[in-house]
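2 protein chains.
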Amino acid sequence: MSRSDSLSVLGLDADDTLWESEARFHEVEARFRDLMAPWSDEEATDAALLATERKNIARHGYGVKGFVLSMIVTAVHLSDGDINANQIGDIVAWGHELLDHPIELLDGVADTVDALSRTHRLLVITKGDLNDQMTKVARSGLANRFWRVEVVAEKDEATYASVLDRLGIQPSDFVMVGNSIRSDVLPVLGIGGRAVHVPHTTTWILEEPDPKAVAAVRFPVLDRLADLPALLADWSVA
Amino acid sequence: MSRSDSLSVLGLDADDTLWESEARFHEVEARFRDLMAPWSDEEATDAALLATERKNIARHGYGVKGFVLSMIVTAVHLSDGDINANQIGDIVAWGHELLDHPIELLDGVADTVDALSRTHRLLVITKGDLNDQMTKVARSGLANRFWRVEVVAEKDEATYASVLDRLGIQPSDFVMVGNSIRSDVLPVLGIGGRAVHVPHTTTWILEEPDPKAVAAVRFPVLDRLADLPALLADWSVA
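Just so you know, the protein sequences line up as chains L and R, in that order.
Numbers given in my numbering equal positions in the first sequence, counted from 1, plus 27.
Numbers given in my numbering equal positions in the second sequence, counted from 1, plus 27.
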């Protein structure tokens with residue numbers, strides 16, 4: 028057993044917990060509203076895109092490629108086939124921009140992850156396109172701080188239970204940290220683990236949690252990831 | 028240690044090893060040639076699509092969604108922006124058809140996987156869209172025969188080494204079975220494992236192996252997965 032095997036495991040979400048993601052999507056959504064302006068006002072465009080994403084989430088999964096396909100389907104529909112091919116080509120190019128975008132670590136993340144990697148085995152659990160998520164980890168400069176990286180199709184109780192079981196981790200020994208109450212907090216509490224919420228600036232509508240489920244539980248909320256080491260130190264003393 | 032923990036691990040590829048996949052892509056490629064006919068002959072269409080796929084494989088990864096995005100980019104380019112939006116909508120719909128297509132197990136697979144699951148811990152290792160691959164496993168009717176399912180971004184030596192290391196499996200104890208010499212055979216032999224080739228009807232150009240690397244190694248080739256149990260029984264006696 029190496030030294031690191033004795034450290035407890037800390038779960039970390041990636042997008043909007045370690046690095047910026049949602050803001051890049053919002054920029055593209057703004058361009059999409061402009062592109063659709065000849066056929067649809069902003070509110071109708073947003074509603075149509077969301078409806079398409081919701082309808083396709085089970086077959087597209089999460090991530091950039093599904094988002095691009097949903098924008099294309101929405102554009103053809105809203106324009107009644109009138110939008111031209113080069114404009115659709117632009118939508119694909121926006122997706123490529125998202126996939127190629129440099130990683131912007133959130134404030135204090137580099138130092139905090141560095142410190143946490145000395146006290147915990149860091150298990151990144153993220154959903155989205157497998158290829159995209161793995162290249163983001165590689166480009167983040169943090170890869171060698173992580174014990175494991177798990178890209179999953181959905182972050183629900185069954186998935187967390189399966190990941191922890193596979194790695195031989197008891198839920199009661201596990202802490203998950205992330206910006207999504209729906210994906211990072213509720214399912215982990217649901218299987219008997221602990222969870223810490225570090226909100227980001229915005230929450231995608233499909234990530235909004237059931238308010239009743241939120242009201243039924245208690246969990247710490249931190250302003251920034253940099254506040255996590257102090258909280259974990261408190262917990263290990265308590 | 029449960030009984031199953033003592034069984035050795037057998038790696039199985041999924042697409043075109045357990046179920047039909049490539050043929051569905053070929054059907055869509057044929058429709059794409061027809062769609063492009065006003066602007067491009069069949070050979071030029073195939074060449075342009077392949078060039079787009081090759082250029083984008085690192086950012087798209089493998090799978091249906093990247094294939095759809097590559098068809099769209101190719102269609103806009105070949106038609107010089109002339110193709111209409113509804114036709115591009117059709118391309119997306121073909122992708123949805125691929126994602127929703129019922130699983131067609133290859134001949135003899137159901138019985139063979141059933142038999143193998145009693146003698147081995149079955150580890151499916153597949154690349155492609157995470158969401159798509161996981162739902163295919165779920166819809167295959169075989170999920171409860173598999174010990175683990177790993178969806179990976181690329182099937183190279185580093186990936187196999189990492190998967191086996193993570194699961195505590197020695198490469199010398201590991202056998203991989205699949206239809207792709209490039210993805211299922213060469214990298215496993217390269218890290219000191221054993222591999223069995225079960226060719227399917229066709230091989231995608233981006234899956235064609237380096238002929239020199241193939242000439243340098245020896246591995247068994249089986250006509251069908253149903254021939255595998257006999258081969259493995261021979262090996263365990265030898």
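Source of the hints: derived by calculation from the structure; they are not laboratory data.
Misleading hints may appear alongside valid ones.
Identical chains share a label here; the pair holds if one copy fits it or two copies do between them.
Unchecked claim - Calculated pairs, EDC-like style, for lysine to aspartate or glutamate (alpha carbon to alpha carbon, straight line, at most 16 Å):
hint: 1; residue 1: Lys82; residue 2: Glu234
hint: 2; residue 1: Lys82; residue 2: Asp61
hint: 3; residue 1: Lys239; residue 2: Asp138
hint: 4; residue 1: Lys82; residue 2: Glu124
Each hint, compared with the structure:
1. Lys82 x Glu234: within (15 Å within a copy, 33 Å between copies)
2. Lys82 x Asp61: Classified as neither; 23 Å inside a copy, 29 Å across copies.
3. Lys239 x Asp138: Classified as neither; 36 Å inside a copy, 47 Å across copies.
4. Lys82 x Glu124: between (25 Å within a copy, 15 Å between copies)
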